[in-house]
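Enquirer: Heads up, my numbering is the position in the sequence shown plus 493, with the first residue counted as 1.
Treat the hints loosely; a few may be bogus.
[Said to hold, decoys possible] In silico lysine-lysine, PhoX-like type, Cα no more than 25 Å apart, as pairs:
(1) K1109 x K696
(2) K813 x K629
(3) K909 x K840
(4) K557 x K619
(5) K840 x K813
Hints listed in this document are in silico derivations from the structure and should not be mistaken for laboratory results.
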Amino acid sequence: MKKIMRRISVILLCIVMVLSLAACGSQESKSVYKAGTYTASANGKNGEVKVEATFTGDKIQAVKILEHKETAGIADAPVKSIPEKIVSNQSLAIDTVSGATITSQAILTAVEDCVKQAGGDVDSLKAAKVNAVSDKVEEVSYDVVVIGAGAAGSSAALAASEGSDSVLLLEKTASPMGAGTLAGGMFAAESSLQKQAGKTVDKNWIFDEYMKASAGYMNSVLVRTIIDESSETVDWLIDNGMQLNLVDAGSGFSFANVGRPSTLHGYNEGGIAAITKLIKQFEGNNGTVMFSTPATELITDSSGKVTGVIATKEDGSKLKVNAKAVIIATGGFGGNQEMLKEQFGDKYTIGEVASCTGDGIKMAWSAGAAEYGTATAHYFWETFTGEEFGALIGAVGDDFFSLTDFTFYPHLRVNKLGQRYCDETTVTDFATHGAQVHMQPNQTEYLVLDTGILEQITEKGYVSVEDHFGTFKGNRNFYMEFNEPNDTDELIEKENTPKDYAPLLESALNTGVVFKGNTLEELAQNMGIDGGTFTESVEQYNTAIQSGKDDMFYSDTNRLVPVQKGPFYAVKYVARNLSTLGGVAINEKIEAVDGNGAAIPGLYVAGADAGGMYGKSYVNFEGGTLGFAYTSGRLAGQNAIGYINK
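With the hints as constraints, model all of the structure from the sequences given.
Expert: In structure tokens:
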């Protein structure tokens, strides 16, 4: 019997061994990748994002970002988190990082390429489930909760934290975000920096500028309050570590503003650094920050009083925040195509900050707040479409942005009908010209260059066309915009340095942005516009220069640039929308109000979510939007503390 049992045991052991070997063989035969390290690139916001992915036979072992030119601060979150999530989830079904969608998608696209090189199944990875979300709801309580960590939100949170150590700041993106991270600086009237420099800007002058820009369609009491408080905001920001410089008007490309009052208090370190400092100061006041935690709805009681917020945590679970006051500062709805179309019709332009999708505005409306200023957008300067950016980067690499150099000078502009449509000498009045481009068919303009002017710039530099920065020689002005330096010493050098743009234009001919013709008729044909209308526009323009009288737009013809010598080039640009500038009606206390003007108890709305500062367009001085953001945020924080301490 024992022998029989031993034989059975041996047989069973052999079976187990065979099955084990079969399983091992099965694992090897199911190897899903060719083990190794692969690299690939994809176009991001500012250029190529290069990744490296390492595979074993059965998994993605590591993902690294080797190179990128994305904006520091904004790109940090996707560069860190997306590779980690791909590896931990063994999936390409990873959500993009809010506020850095293009960078996120570039990383995912490049890793997808690496997967293909390794012989992996891309479709399976895109379908692979990520970690399950807990259905548990966490409940917390604070005195004040602020939604949005941009300029308005960070200043609101900091101001509130000076009166309470129970303040929560929620931000949907993984890092500070919003137009304030990209801006150059804020306006103020009668500030300490202006007084020290002997360049005080009168409050009455600022108020009149707002009135002219709005044609009366503004909340005059609110505007006056913001102007009166603007100098205090500058001092408060400086006291809290922000570095601001008073800069002269027009020192950052806006040549049309040269000689106007010095309203701009420019970032010395850039918007990301400035806002990050405020948040650090807030945390030092015992404030709590939660990034990657979007608010989704307001909590109200039976009387309509706002008593808190529902949010979604980074892991996908719910967070209920009970609060005595809520401040909304989510940056407008420039990134929400559906809302833009609702408010502007088919003629709309996506804003520069994709994460600003109107979340706060819709929450305020749902709580009974009235609409105000939803038809106001911050059209400013011009740009290329997303598809055109990709084509340009592929064709000319990092030098694509040099194609915007032409926009700062009074070259001929025509629309898609071939019509000259503006006074070209005013194109660096960026708010006005941005709106003009927006009003053209398909929000498009073509800037026309002839070989004669290109040869002149090649020999003598752009200063031979027009001297924009000579007035700042020996008077260096410096600040940061788009987190890049605006230094008049460097700009003077650039404008005086000869540059041959012809190779750049030639390299970009097949991108849908740059067009060429040996004759004006051929150029029009390649642009796809009416040749007869175009040549008539060029003739009228050249005649105006020759006669010294522009019967069309009354331009200063001494500044216009002739179009005479072929070959000719045209560069296509589209309208650029920085953000929307309104949505919720507020009063001078920054409280949200209903249709009767009554305050919504416990609810404040600051920055680009709030209506009342503008009519249809942006003001014609520098720093208007950021000045409103910081000052309205500071006042919202202070007033919220006053409200809860009644």
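Enquirer: Holds or violated: are the alpha carbons of K557 and K619 at most 25 Å from each other?
Expert: holds (19 Å)
Enquirer: Given the hint that K813 pairs with K629, test it: the Cα-Cα distance must not exceed 25 Å.
Expert: holds (11 Å)
Enquirer: Against the 25 Å threshold, does the CA-CA distance of K909 and K840 hold or violate the hint?
Expert: With Cα atoms ~15 Å apart, K909 and K840 stay inside 25 Å; holds.
Enquirer: Holds or violated: are the alpha carbons of K840 and K813 at most 25 Å from each other?
Expert: Violated, because 39 Å separates the two Cα atoms, which is more than 25 Å.
Enquirer: For the pair supplied as a hint, K1109 and K696, is the alpha-carbon distance within the 25 Å limit?
Expert: Given that 25 Å is the threshold and the Cα spacing comes to 22 Å, the pair holds.
In this structure, the one hint that does not hold is number 5.
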